[in-house]
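There are 4 protein chains.
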Amino acid sequence: MTQQLPVAVLGANGRMGAEAVKAVEAAPDMKLVAALGRGDSLDSLVDAGARYVVDLTVPESTEENVRFAVENGMHAVVGTTGWDLGRLESLETLLAGHPEVGVLIAPNFALGSVLTSAFAAKASKYFESVEIIELHHPDKVDAPSGTAVRTAQLVAAEREAAGVGPSPDATTTELAGARGCEVDGVRVHSVRLRGLVAHQEVLLGGPGEQLTLRHDSFDRASFMPGVLLGVRNVAAHPGLTVGLDGYLDLGL
Amino acid sequence: MTQQLPVAVLGANGRMGAEAVKAVEAAPDMKLVAALGRGDSLDSLVDAGARYVVDLTVPESTEENVRFAVENGMHAVVGTTGWDLGRLESLETLLAGHPEVGVLIAPNFALGSVLTSAFAAKASKYFESVEIIELHHPDKVDAPSGTAVRTAQLVAAEREAAGVGPSPDATTTELAGARGCEVDGVRVHSVRLRGLVAHQEVLLGGPGEQLTLRHDSFDRASFMPGVLLGVRNVAAHPGLTVGLDGYLDLGL
Amino acid sequence: MTQQLPVAVLGANGRMGAEAVKAVEAAPDMKLVAALGRGDSLDSLVDAGARYVVDLTVPESTEENVRFAVENGMHAVVGTTGWDLGRLESLETLLAGHPEVGVLIAPNFALGSVLTSAFAAKASKYFESVEIIELHHPDKVDAPSGTAVRTAQLVAAEREAAGVGPSPDATTTELAGARGCEVDGVRVHSVRLRGLVAHQEVLLGGPGEQLTLRHDSFDRASFMPGVLLGVRNVAAHPGLTVGLDGYLDLGL
Amino acid sequence: MTQQLPVAVLGANGRMGAEAVKAVEAAPDMKLVAALGRGDSLDSLVDAGARYVVDLTVPESTEENVRFAVENGMHAVVGTTGWDLGRLESLETLLAGHPEVGVLIAPNFALGSVLTSAFAAKASKYFESVEIIELHHPDKVDAPSGTAVRTAQLVAAEREAAGVGPSPDATTTELAGARGCEVDGVRVHSVRLRGLVAHQEVLLGGPGEQLTLRHDSFDRASFMPGVLLGVRNVAAHPGLTVGLDGYLDLGL
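Chains as they are written, first to last, in UniProt numbering: chain A, 1 to 252; chain B, 1 to 252; chain C, 1 to 252; chain D, 1 to 252.
Same shape as in the complex, but just chain A (with noise of 0.2 Å):
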């Protein structure tokens, strides 16, 4: 029989942390073998004989935790906020010591959410227009959101390489905003909606043609097949990835 990979979860008692938890006693090449909060002491990693952390606690205690683990020969997957530049090089200094360790540092791990945006990249060249449309629930305070705008700097990296044009529009008469904001030239709309979730469509669009890209992500539990992803690869991926998609097979 495999043996299972020996998993310890930063953050357990956090909503993520807790579906990470619930995720990797239901994942049966997996085993929990730690479940720390705040306060907890990452000595006891060592003690429980993790060799996966993942880290899913808050942007204080993130860079500490990742260290200890890398220190320690523990690969570890990071979903928390705040790793600034700054905080990344010193890791990979860090990581160039421990030439065997993986760390994966990734700001999404809804797999639907990180294919969207590759694809979107990709196909955008093909096309003389594109916008992005993202909805969620009312009770978000900035707009766009953080993914739309990620997705329209891809997409406007990828178009500028190809050097296609920015995508037509006539428009003259303007009631003030209608037309969305631009991220690098791209439009982008943001719809709140009391019901929904988190959700992002990117159209495409050329002549006597539509492509539609759209993610729904009714929610966290999304996240999870993302994290099981991560733990099962971040070993064969030595060095530090930023994002999921460095994990995907997606050549096509």
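It cannot be assumed that every hint is accurate.
Claimed, not checked - The calculated lysine to any residue pairs, modelled on SDA-like cross-linking and capped at a C-alpha distance of 20 Å, are:
#1 B:LYS140 - A:ASP245
#2 B:LYS140 - A:THR173
#3 B:LYS22 - D:LYS22
#4 C:LYS125 - C:ASP47
#5 D:LYS125 - A:ASP249
#6 A:LYS140 - B:LYS22
#7 A:LYS125 - A:THR212
#8 C:LYS140 - C:VAL242
#9 C:LYS125 - B:PRO28
#10 C:LYS125 - B:ALA170
#11 B:LYS140 - B:ASP219
#12 C:LYS125 - D:ARG194
#13 D:LYS140 - D:THR81
#14 A:LYS125 - D:GLY246
#15 D:LYS125 - D:VAL183
#16 C:LYS31 - C:LEU42
#17 A:LYS140 - B:ASP219
#18 D:LYS125 - A:PRO168
#19 D:LYS140 - C:ARG214
#20 D:LYS125 - D:GLY163
#21 B:LYS22 - C:TRP83
#22 A:LYS125 - D:VAL183
#23 D:LYS140 - C:THR172
#24 B:LYS140 - A:PRO168
#25 B:LYS125 - C:GLU174
#26 A:LYS22 - A:ALA34
#27 D:LYS125 - A:ASN108
#28 B:LYS140 - A:GLY165
#29 A:LYS140 - B:ALA170
#30 C:LYS140 - D:GLU174
#31 C:LYS140 - D:GLY246
#32 D:LYS31 - D:THR2
#33 C:LYS125 - B:LEU250
#34 A:LYS125 - D:GLY243
#35 D:LYS22 - D:LEU229
#36 A:LYS140 - B:PRO28
#37 C:LYS22 - C:ARG232
#38 A:LYS125 - D:LEU250
#39 D:LYS140 - C:GLU174
These are computed hints drawn from the structure, not numbers from a lab.
For chain A, the structure is supplied; the task is to place chains B, C and D on it using the hints.
Same frame as chain A, but now just chains B, C and D:
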């Protein structure tokens, strides 16, 4: 055998008029008795025995055409724009002297579009949130579309009459335009995409659910069923009717 | 200050009942005066001063509950299944002796779902083609869903009453099942997909245009606005009403 | 100034061919040097200086046309059907003797359609569930569409290669046909609706999320960007290529 309705089309050489000529000829319960273009004499309508006139001309001539029809006891179905309040009042005065004649003036003959607006208005008071997305080809010069503005106005009026407050929105950080424009307090987003024709989506949201009403207009053939429906019903609606919804049986 | 409506919830420990308890407590115009579970005595409803009873129990007990309510002059809003013709007739006989009491029995309290069915029926006679797609989680054992069957029946009845023929279909070569099943002549397709909850889409098509009515039910919170609307309106509808649409103002 | 590519269109009087003539004439980097209809001599291609041949003829003549092109050192972009295995093998033998010549034979030139199939296949191994809905005008005689069948086959092959099991489905009670047809274990549903042209939707679902890939083909102009892309790239792909995706840069 039932007698066929004798129909004349004015503006028969225009794009809409040409479609109407084909639609009337294909309708088994109608007979095309005249098809007039620019410069043709209205007197020929009398000689041809027209009882129904479909006016798809230009703002400059539509008033004269309709007045001629009414004065000669012909019913009129009008898709031409340019009917301001002054013209409408003057027409009502004329119709008062011809109590058996019906005139339908409709800004939109696409049944699906008229139904979308009517359903959106009726449904909107049962949901916390409502937003509108309209999508058109990129050669359109105005944003949002006239249809979306009218839908938003109808929705806003129904919600106000029912005492429903504005859609919730916690946005505090917005990239300018992300949340669309506002029409009577209703958010409207305008997408412009090569390949599209004319599309409208009304999104309604409440706790745990969403209702979406979407209309796609793929080509101007979509206006013809509404024009024929107008011809078939105009005689039963003496006086002036504005808007095709006045002829639809939507009592629920 | 307006007096709060005194409401009792029966089946308060079930999943729907627990949601209803929360919804009533959160409603500013209502007061939860009793929350009964299996085995609790109905007599306590009288002591608690309940004037409105929300029954979300099981088919075995719903009839006794509703009869008790009516006999004690309380209005009832019922979401429990199991009301066959015999039970309904017996209830109407009872209500004849209590002319001031109202009872609402509804198979579906999601406003968006009720509106989708009603709009679909009304719109369907104006289009050549109509088909229904329903989409649910893959643990559902029946296909198509009861809601889709009811929608198809309503649509078929409206089209027949209006003399509209069947949707055109030139299919001569079909891989078995490709064209879905038929309910009263209306094609219905059932999709089963992990991640989904309960969704229905009605597609209506005519020359050059499409009208789409879509309802998404993301969680059972979606039933609560309909339950509260029922409570608020039941006293104004003495006698028996079957179906929430009877309380909706949909005259168009 | 860059030299224009000298292009000939065969089948120039057919509907697709006429579109291709317009598209080549409108492309700034191409020059239409010949437009041949039924009965026109292929020899005129040589006189006209054609270096690229677009074949949009009929199954009876496409093989002869392509062989003539290859034998005269012209690259060929072929949208005509009727290329069975025997013809393809014979063409490859011919091409072996003309190693600088490229031939592209594609069953579908709509970029969005080709991308939808490619993305669906790649994404499908990351989701528990996948189903396909294709929607067409009601005059189509076969169900499901050839495009949907090919997409299902690609999806099934990718999932099998990745060891992903069948989509979960607890259905025990089914009205015949409700769950669609099966193509290599993938459920496919065919909708037929007046007003539609050709549309395909691939639905992928995992815990808490859905990814939707949708392609709408509104008119046959949608094939032209793919044809032009073929002409621009065929010289760089000597030998035989089947399927436009072979020319697309989709490495992700």
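Next item on the list: Compare the structure with the hints numbered earlier in the document and write down the numbers of the violated ones, lowest to highest.
Entry: The structure conflicts with hints 1, 3, 4, 6, 8, 10, 17, 18, 19, 21, 22, 25, 31 and 36, although it agrees with all the remaining ones.
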